[in-house]
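Asker: This is what each chain is made of:
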Amino acid sequence: MEQNKEMTAQESLSLITETLNSSRKEITRRSAKYYILWGTLLTVFSLIIYFLWKSTDKAAWNCLWFAMPVIGYLVAWVGLGKKQEERVSNDVSRITSGIWSTFGIFACAVAAFTIIFSHVHVGTDNIGGAVRALIALGSLTGEIVLIFGLAESACGVALKNWVMKIAGFVTGIGGLCSYYITGASHDQMLIFTFAGLVLVATGLIVKHQYK
Amino acid sequence: MLPKLDPLLHSELRLAIMSILAGVEEADFNYLKEQTGATSGNLSVQIDKLAEAGYIAVEKGFKGKKPCTTCRITPTGTEAFRNYVKALKRYISAGK
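For the record, the sequence lines run as chains A and B.
Going left to right, the first sequence walks through residues 1 to 211 as the numbering used here numbers them.
Going left to right, the second sequence walks through residues 1 to 96 as the numbering used here numbers them.
Treat the hints as calculated values from the structure; they're not laboratory data.
Each residue gets a CB set at the ideal place from its N, CA and C atoms; glycine is no exception.
Honestly, I wouldn't trust all of these hints.
So the derived list for chain A, only partly shown, Cβ under 10 angstroms to chain B, looks like this [what the hints assert, rightly or not]:
| hint | residue |
| --- | --- |
| 1 | 26 |
| 2 | 93 |
| 3 | 187 |
No more than 27 angstroms apart at the CA atoms, straight line, and that leaves these computed lysine-lysine pairs for DSSO-like [as the list claims (entries may be wrong)]:
| hint | chain 1 | residue 1 | chain 2 | residue 2 |
| --- | --- | --- | --- | --- |
| 4 | B | 89 | A | 33 |
| 5 | B | 4 | A | 25 |
| 6 | B | 86 | A | 207 |
| 7 | B | 86 | A | 25 |
| 8 | B | 65 | A | 211 |
| 9 | B | 65 | A | 33 |
Here chain B stands alone, though its shape is the one from the complex:
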């Protein structure tokens, strides 16, 4: 039986956010926005959802006078991301 795909990660934008954060130590909001091409509002909502699930840690601060939101993947997020990739591979090999 094929494993169920994590619904939180099985969304284009949230998966893109997690993929970016899986490859970097940390990234700020503007970088995520630039890389995903998402709108600020949409990106903000998805970041909040991932943070609520404990997949990412969000740190809000200031860089000079400008507000700055920095995100990093948590160990829970890394584990969930790893399991999601494993599940995807099983889906693909089952489909062949």
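Bound-form chain A, shown alone:
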């Protein structure tokens, strides 16, 4: 690109339009790696918890979920952050980042309050407070998968990407329906596996779309 090239009005306007579009596409493409990262983690964690829960018949393995955001942020910060030497942000990237942060806060808060309140309720029950809390935690799958799908669809709206909009709907509504069918057993972990795989697929499709 030269700084002294004589341009016509039409060329200048075309340059502006092309640059703005290219920049928007680049930001969308860069968001794909985070979808792949979180989708992979979700798939791996759900499968680990599924097999541990199934083999030991203990819902307590749900506690492992709390390790996922720790590992995810660590990988994003150490691995992806170092490679991301070109820093750029716009309103859309800020909105999508805000949507996922809000989802994370809601999911953790719902889990935390479920543990607290189920513990309070236990009172004179024979069942142990911690056990009851973990059983209650296992019954949150439907709600969490629904807000997860909502977050993904909302990101699709912000990024004007139909793949994300549809994937979010399929994950949220499909996940909720599957939860009602499978009930509170280890099988519900497979809903999260499905959600994780959809997230990875979304990331790969977005990456391919804006190659």
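Chain A is already provided as a structure; the job is to place chain B on it using the hints.
Answerer: For chain B alone, kept in the frame of chain A given last:
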């Protein structure tokens, strides 16, 4: 009478820099270099010219141990960019 085009913006590289910055909150030097395909030296000179005119704000810092230059468009720059686009449209409609 057609308005005069801002000479500072009527340059391919400077216009590309302004167009990128108009669509983002902020962008660092490497991103601008990648998007415009310009050489570091050339890009640096044009960024300085835009900064001197008050069209963009340049912040120099460090990201870890590496130096990092971040640019963002200023309200003056936004106004100049808007006026430039308006003028371009008038040129194009006058030519039809």
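Asker: Give a verdict on every hint.
Answerer: For each hint, the structure was consulted:
1. A distance limit of 10 angstroms between C-beta atoms decides the matter here; for residue 26/A the minimum to chain B is near 7 angstroms, and the interface restraint holds.
2. Evaluation of the residue 93/A hint against chain B yields a held restraint, the C-beta minimum of about 8 angstroms falling below 10 angstroms.
3. Given hint, residue 187/A at the interface with chain B, is violated; its Cβ is 44 angstroms from that chain's nearest Cβ, farther than 10 angstroms.
4. Restraint check for residue 89/B and residue 33/A: not satisfied, since their Cα atoms lie roughly 38 angstroms apart, outside the 27 angstroms limit.
5. Pair hint residue 4/B plus residue 25/A does not hold up; C-alpha atoms about 32 angstroms apart against a cutoff of 27 angstroms.
6. Proximity of residue 86/B to residue 207/A is assessed by CA-CA distance (about 35 angstroms); at most 27 angstroms being required, the pair is judged violated.
7. Distance hint between residue 86/B and residue 25/A is fulfilled; the C-alpha atoms sit about 25 angstroms from each other, no more than 27 angstroms.
8. Simply put, residue 65/B and residue 211/A have alpha-carbon atoms about 31 angstroms apart, too far for the 27 angstroms limit, and the pair is violated.
9. Between residue 65/B and residue 33/A, the direct Cα distance comes to roughly 25 angstroms. Compliance with the 27 angstroms bound is thereby established for this hinted pair.
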